[in-house]
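Starting from the known structure of chain A, fit chains B, C and D with the ligands onto it as the hints suggest.
Number of protein chains: 4
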Amino acid sequence: MLRVGVIGTGMIGEDHVRRLTSTLSGCRVSAVTDVDAERARAVADVAPGARVHDSGEDLVRDGEVDAVVVASWGATHEQYVLACLAAGKPVFCEKPLAPSAKECLRIVEAEAAIGRRMVQVGFMRRYDTAFAQLKRAVDAGTIGAPLLVHCAHRNASVPGHFVADMAITDSAVHEFDIVRWLLDDEIVAVRVLKPRANGHGRDVQDPLLILLETAGGVLIDVETSVNIQYGYDIRAEVVGESGTVELPQAGNVVVRQSGGVTALIAMDWRDRFRQAYDVELQAWVDAAAKGGATGPTSWDGYVATTISEAAVWSMGTGSRVPIKLEDRPVLYAVS
Amino acid sequence: MLRVGVIGTGMIGEDHVRRLTSTLSGCRVSAVTDVDAERARAVADVAPGARVHDSGEDLVRDGEVDAVVVASWGATHEQYVLACLAAGKPVFCEKPLAPSAKECLRIVEAEAAIGRRMVQVGFMRRYDTAFAQLKRAVDAGTIGAPLLVHCAHRNASVPGHFVADMAITDSAVHEFDIVRWLLDDEIVAVRVLKPRANGHGRDVQDPLLILLETAGGVLIDVETSVNIQYGYDIRAEVVGESGTVELPQAGNVVVRQSGGVTALIAMDWRDRFRQAYDVELQAWVDAAAKGGATGPTSWDGYVATTISEAAVWSMGTGSRVPIKLEDRPVLYAVS
Amino acid sequence: MLRVGVIGTGMIGEDHVRRLTSTLSGCRVSAVTDVDAERARAVADVAPGARVHDSGEDLVRDGEVDAVVVASWGATHEQYVLACLAAGKPVFCEKPLAPSAKECLRIVEAEAAIGRRMVQVGFMRRYDTAFAQLKRAVDAGTIGAPLLVHCAHRNASVPGHFVADMAITDSAVHEFDIVRWLLDDEIVAVRVLKPRANGHGRDVQDPLLILLETAGGVLIDVETSVNIQYGYDIRAEVVGESGTVELPQAGNVVVRQSGGVTALIAMDWRDRFRQAYDVELQAWVDAAAKGGATGPTSWDGYVATTISEAAVWSMGTGSRVPIKLEDRPVLYAVS
Amino acid sequence: MLRVGVIGTGMIGEDHVRRLTSTLSGCRVSAVTDVDAERARAVADVAPGARVHDSGEDLVRDGEVDAVVVASWGATHEQYVLACLAAGKPVFCEKPLAPSAKECLRIVEAEAAIGRRMVQVGFMRRYDTAFAQLKRAVDAGTIGAPLLVHCAHRNASVPGHFVADMAITDSAVHEFDIVRWLLDDEIVAVRVLKPRANGHGRDVQDPLLILLETAGGVLIDVETSVNIQYGYDIRAEVVGESGTVELPQAGNVVVRQSGGVTALIAMDWRDRFRQAYDVELQAWVDAAAKGGATGPTSWDGYVATTISEAAVWSMGTGSRVPIKLEDRPVLYAVS
Ligand SMILES: [Mg+2]
Ligand SMILES: [Mg+2]
Ligand SMILES: [Mg+2]
Ligand SMILES: [Mg+2]
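Keeping their order, the protein sequence lines are chains A, B, C and D. Each residue of the first sequence is one higher than the one before, counting from 374 in the working numbering. Each residue of the second sequence is one higher than the one before, counting from 374 in the working numbering. Each residue of the third sequence is one higher than the one before, counting from 374 in the working numbering. Each residue of the fourth sequence is one higher than the one before, counting from 374 in the working numbering.
This is chain A alone, in the form it adopts within the complex (with noise of 0.2 Å):
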């Protein structure tokens, strides 16, 4: 029974702290802490034997807490897994796994001088059954050798402290890691086109057009959307030398009624990723229970905050930015 102490008790750290005690098999939460005390006590009351602690280092350093869950502010990333990485306590750390590539990098550095991967990081996507398929098909050489993806990320609306970099920092960083994942490639390029803005964004550039290039050639455009109104849809399609493959539509009911054939969509990225977010972390906890790690590295973090500091550049300068990466530990190396 691996007992996961919870960094951040907001909203996906309380969705973690649920999914750990009433959803996942071997674990429960024995520990939680967040800035605001009086919350992390309410979400303590969900997870029976909880205690709460004042600061993550506290937690971290707790004899009860075997493995731990970082789901605070971005910022605060570094510390706490770097905390983790000194008690050698594995650790699941929310995207992106820091706001700066160099945050990222002490983190990489700090693992790959231990020798063993510790650090599992939140890219869902790639637990979900979709994704998982259209990666299979890819791999299996259905559709030839990939040429280009065209993906989209459409968010209903953003709350009203987002700002335009978050388009990329928060949504399009998905797109970053999962293209890497699914083509088993690199960007090597990317650049930002803006478009006309929608209105209901107030001041945030929205939408964007990212343009990702890949080391074997594959370009990507993905198009974000963070004020659509209509839903939460998340779209990818890969284009290859005999033909294509394509997420399905999110598998709702289908609705005849009004004049048109209607299949639902989620209006909240929660309910589309759902199970997504259960096998992911019932991964981590499966190896985090024999004391390692499995899934996105911290390389993988780090180099999708890479590509989101250039994309951020580029979003500011118009121009193509080409990704400049640090030397891969051999920890990281490809199998």
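There's no promise every hint is true.
One copy or two, either will do: identical chains are not told apart, so a pair holds if it fits within one copy or between any two.
Each computed SDA-like pair below joins lysine to any residue, with the alpha-carbon atoms no more than 20 Å apart [said to hold, decoys possible]:
{"id": "1", "residue 1": "K663", "residue 2": "E437"}
{"id": "2", "residue 1": "K475", "residue 2": "T449"}
{"id": "3", "residue 1": "K663", "residue 2": "V419"}
{"id": "4", "residue 1": "K462", "residue 2": "R401"}
{"id": "5", "residue 1": "K508", "residue 2": "G624"}
{"id": "6", "residue 1": "K567", "residue 2": "S692"}
{"id": "7", "residue 1": "K567", "residue 2": "P695"}
Source of the hints: derived by calculation from the structure; they are not laboratory data.
Structure of chains B, C and D with the ligands alone, referenced to chain A:
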């Protein structure tokens, strides 16, 4: 240039006048008539040079009429079709060929006595691209031998004069014809089941579930819903030994809006089958120009009406009603 | 931590052992048994600490078994479920509850005598996301009052020991349960129609068209096809007064290839309902941990088997068979 | 009865001869010509009474020719269209209007000098039902102001003489025209990106990703894939402020077979747009019968070719190429 006379200039008759005048090749409307003389005159204005007759018989006799479209009230079909046969003029008769099997049979006998095809019945679905593809797939053995057919025939609403029988005689009669044609098989029995009635249907028993059995052992279920509000929707799926083949959703644009992915559906049946009507009537024009007829025969019209009569009987009694057909004249032998 | 004993470690029993061990929260498998002792031992290896019993009765008596899953051959269900009730242990029994209504009734009576729910029957569809959405749409009045339901239950193929009745007792029994649940209405009659047989089915009469009538006047048609080759496919459309609501195509990726746009379909039913099985059994674990049961009741199991018996009778005779139920104990009163 | 002369009786020219002869209303083919005289004679046989001319100029002069269809090799378009204008005869010219903007401009100037429309350019998509629905939805404000358009133009394969430019000048030129029309907006810049090449394309750089910017700030991405094997597929999705609207899958039957639910796709572009070609040419016949023209103008043809030239330039250099247009004659003022 085939000179066509049109008897009956109601909604469908007027459509045919426009089609013959402005859309089809090798024809023009030279004469029209209607019980409502004023309406006949108004419609004649659409067709340059068309004269208006006082009666269908006058129109048939007109030396400037080479061939006739009968689109008048069903009860008058027999007299006008027989007049055309007597005059040796090819005739296109809207479905049903006649309201009773007895009337249809007199047409069959008159045409059989002539010994060559002169009559085409207006079962336009046979000319619809999607139905043609359905038949092609069945005939090609794509799904193995057909075993079941599931059909639905849905109208958003029906006019105030609609009575329960018409869900059979006006709506399901299309399915009676099309499954015979799809399967190259004959209907041998019918049973009509009545679920709880739709509140939008006033006194009309709606919907119905109609079960057909063929000589070859295929079972067909047909839902007729004549007040289903949401649109005009025709569906059919043929279930075979190794798969199924199904009509597509009518191919309208797909709107993502307000929590749904919606394929628009026609409210009006004329939109759904507009192209089929064009192809159907062009086929008739081309055959009539050579003095003959093609497509659905008088015999097909007689059989469809016979099934309608049995179905109406079953609706009253709830029992399974076998279909008894007269001997098929050699003129209508299956090729 | 609920300690679960599993009786029957065939395909579905083994699935449940893995699920209880590696996927679900708050439970572990403490004991297993099977008529095939070797198989029981092999499956026990999947569940650390599980002991192997010689008989179901031994397992039920085991002090380290808090609750029981019955996944053995249907003919043994009654004895094991009654043993659990006698021992005061919550029990999850795979469908059907028992092969005959008489056996089911004895379980109902035994549970009713205890006066609180102890039994959950394995109708997993009620826990499927898409079926849940279907029910939510119907209950919300999205389509007005339901009038008709069209269902299809298709298996690619069935094993050699399959006999014709099993299309009813093993397959359509799922539809019998789910339409009662969807409509909150009771089945009052059934009729089974037999079309021409599928050549892939050897001597088995396949497919069937099963017609159900509810007390409220809803008509349901269920196609069962057990040798349809192309895949495992479950379809349902509820037709209401102003529209319809339909299960989605199982949400697999879409491949454009070789002249077609193809949504992949599962060949194996376990893939289609994998998540439903997880949710179903977690619900049981959570209720059993409190000493009770939730979801489909013994009464539901009894009714489903009663309808199966009537349907088998109708398949033999071709006649409409009314459903007669015993009085419903107050324990199972509709809330 | 409009007497039409057809210059060029290759594949598309022959199609038009058949269409004018057997499908459309109010016209017949009175003359044909082709560089391959034998082919011209063979095609003339399809059109009763059509004579064969030695040259396009002869055909234009023919007193029995009221209006002309130019379906010859692109390099000859200018001379034949100018000949028609000189003779005062309405002309339908297949796309592109001419291979270079300079040639197109001479046509524009000649027509503008006459002061009324005489030329219709063969951008048939504007007459396609689905594209018309797309425009109607955009114009109705269904999705708010348009911000992005995603297009794909895919051919199963291309003939041996195909060179890389043709993916722009022959394929994407349709998208250049249709997005201008859809958005009522002008293209101001183009950039062509080249991913890794499809192995099926021999030396041809295939696919391309073409980016267009409009005066109003809309960004359009167009994938051209000319060797994608699986079929002919045209896709377009307009992304607006509150939703999107998308072309349907071409509405073919759906086959359930071998592990998939497959909507069939045309291999041949003529199947996809057959009806659009009919409607397009009927519109021309109707306008030509009155001495004028409708639909896509010479100006539209000039603009499309100008964008093609810029795109070809960009393909060579990789840079963003601004579009510079001459002043628009008042004849082509937007109404
Ligand atoms: Mg995540
Ligand atoms: Mg008709
Ligand atoms: Mg079950
Ligand atoms: Mg064209």
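Each hint, compared with the structure:
1. Taking CA atoms no more than 20 Å apart as the test, K663 paired with E437 passes inside one copy only; the shortest distance there is 16 Å, against 27 Å between copies.
2. In the homo-oligomer, the alpha carbons of K475 and T449 lie at most 20 Å apart inside one protomer (14 Å), although the nearest pairing across protomers, at 62 Å, exceeds that limit.
3. When the C-alpha separation of K663 and V419 is checked against a cutoff of 20 Å, the pair qualifies only between copies, where the shortest distance is 17 Å, while the shortest distance within a copy is 26 Å.
4. Taking the closest pair of Cα atoms, K462 and R401 come within 20 Å of each other only inside a single copy of the chain (16 Å); across copies the shortest separation is 25 Å, beyond that limit.
5. Both within a single protomer and between protomers do K508 and G624 lie at most 20 Å apart by alpha-carbon distance, with minima of 19 Å and 15 Å respectively.
6. When the C-alpha separation of K567 and S692 is checked against a cutoff of 20 Å, the pair qualifies both within a copy, at 12 Å, and between copies, at 17 Å.
7. For the homomeric pair K567 and P695, the shortest alpha-carbon distances inside one copy (19 Å) and between copies (16 Å) are both at most 20 Å.
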